[in-house]
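Undergrad: Okay, here's what each chain looks like letter by letter:
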Amino acid sequence: MLQIIKLAWRDLNRNRRRSFFSALALGMGLSLLLLMAGVIEHEGRSSMDTSIRLQTGHLQIRAAAYNENRASLAWEDLVERPAAIAAQVAALPPVSAATPRLFASGIVASGDTSAAARVTGVDPASAANDPYRSGIVSGQWLTADDRDGIVIGRPMAEKLGLKVGDKPNVLVNTANGDVDTQAFVIRGIYSTRTPGFDSGTVFMSLAKAQAIARAGDHASAIFVLLKDRDQAGAVVAALQTRQYAVLTWDRMNALLSDTEELANSYMILLYLIILAITATVIVNTLVMAVFERTREIGILSALGMRSGRIMAMFFAESAMLALGGILIGLIIGGAMVAYFGSVGYYVGDFGMTGMLLGERIYATLTLKDAINLSLAALVVTLVASVYPASLAARLEPVEALRGGRQV
Amino acid sequence: MEVAKVEHVSRVYKTGDAETAALKDVSLSIEAGEFAALVGPSGSGKTTLLQLIGCLDTPSSGKVIIAGQDVSALNRDQRADTRRAKIGFVFQFFALIPTLTAFENVEMPLLLNGLPAAERSARVHQLLEAVGLKERTHRRPDQLSGGEQQRVAIARALAGKPALILADEPTANLDTENGKQVMEIMQRLNRETGVTFVFATHDPRVIAYASRVITLRDGQVTANGAGAAKV
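So the sequence lines, in the order shown, correspond to chains A and B. Going by my numbering, the first sequence opens with residue 42, and the numbers climb by one from there. Going by my numbering, the second sequence opens with residue 392, and the numbers climb by one from there.
Just so you know, these hints were derived from the structure itself, not from any lab. Note that CB positions come from ideal geometry on N, CA and C, so glycine has one too. Incorrect hints may appear among the rest.
Within a straight-line C-alpha distance of at most 30 Å, the following computed BS3-like cross-link-like pairs (lysine-lysine) qualify [said to hold, decoys possible]:
(1) K552(B) to K571(B)
(2) K525(B) to K552(B)
(3) K525(B) to K47(A)
(4) K396(B) to K525(B)
(5) K552(B) to K396(B)
(6) K552(B) to K47(A)
Simulated restraints, written as ranges between beta carbons of each label pair [said to hold, decoys possible]:
(7) R59(A) to S536(B): 23 to 31 Å
(8) R59(A) to D461(B): 41 to 49 Å
(9) R51(A) to D461(B): 36 to 44 Å
So these bits of chain B aren't anywhere near chain A, every CB distance computed over 12 Å [as the list claims (entries may be wrong)]:
(10) S420
(11) E498
(12) R531
(13) Q572
(14) E583
(15) I598
(16) G616
Using the sequences provided together with the hints, build the complete structure.
TA: Shown next as structure tokens:
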């Protein structure tokens, strides 16, 4: 076996440039796959985290009849006396924050321009608002007694040409089906670097939101953050009531999970296509090698080398090219992932319904992905080399010694 | 004792609808220890006969028996096993593996036979010394002269201790001096080791070394006997 490996190594070294470029082709393919896997891994994980942090929380307690898509404000669809419930929930050990929120559809208008808004009434002091509070880029976050202030996202501010201190009109749907309009002062402009969220979410104090939406002492949901999301089930069990529904983060983000799963399925197909393309380069190299070394194959056969060992020799060459390519791929792919992991790539407002993507995409490569893709590259290459290897093994010794070809 | 026996062997090549008979009902036997020459003009069937005796090809009809075993109906791997165990080859164009050194080329049949490293090394050194290439052990074929390459090929043919060595025009690609050296080495090894040599040639100077001359013409044996060449 050692001699076969040695022969294979020397054969590859006969045409170093061709061998190098064959390995490089595989390496480039693999490095692209590593980058793609890294981006999917990072974005899949971070979009879930982002959605939980900004939008859904780990749990939401809602009225059983609440329809999220309609942002219903009818009192029977809302949580009554939400502050008291939030306080009870916050007292549970696994809970890190619990706060009432009221969601209403609205429009922010300034001069001739306007933008659709998801008006969100929040308890300004709650720790659950930290992602928005820490994202203030201009002005300040809301205070509990602020009755005419709002905080808007930077994309909306840029779209409407608003700055801190400006007074746009905010139209808000009300519980009785009407629309109420009021001028608000922009206290602050925030950026969570998630354009899909920032462009449409407007914050005001819960008390003011309840007042303008005629919601009384009601909230759309109790927004709950846990210390560990794996404890969601236990907390749900502790909170079960007939009156309210308790929704977990995975159910609220089902679309995100499904989209990620679908994306992963497509990616496997894409991986195989890319690997197959790069493997054809290696097949081409080996087929050329078979034609160039027909006489030598005849010599080895004349010396008594069985077909299986001749095949093994070509498999060894293929495996060496694959290993070289994998090494190149890991180096280039690793460098690309490291770069995109720290600097990222700016995509701006590139989002899709149900997914919150940051304005920059990043990559994170897991050991599992690196191993799986490397193994896939090796296996695809070996499978692809069956043809040239069998071509060599099927050469008739007499014809091969003449340098001809008869298979 | 017969090392090789050919019984009523014919070999017909087909090209489309056309058939060419390279050998026609050839029968002969090679005894152990012989230093036999297959002679005849180009196209007489010398190489085809060597290929059949060497299990590189199979006859269209008839039997080829090597060391008592009928090899006519063996499959590809069985023929490879027979070649590895019983037959050595020396080709006109040396047929060395260009990426391997002289040592490694000679070592190859021993590797295929699964000999341990120490035994391989000792045997290869002994053989290279026997063909006068002790100092050229680690040269690759492109660093050796034609004569030296053919001597490496002879050492390689002897490596597996075969019963029979088949040489196809072993001197055709060498100058007179190197050709002479190669034939003298083959003859000496034949005497010293007792290994049977059958070589194809149409060079009278080479034929002169033979203890027996088998003459072929148009695919048939026309003369078969000891002594001087009958071309």
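Undergrad: Against the structure shown, which of the earlier numbered hints fail to hold, in ascending order?
TA: Hint check: 4, 11, 12 fail, others pass.
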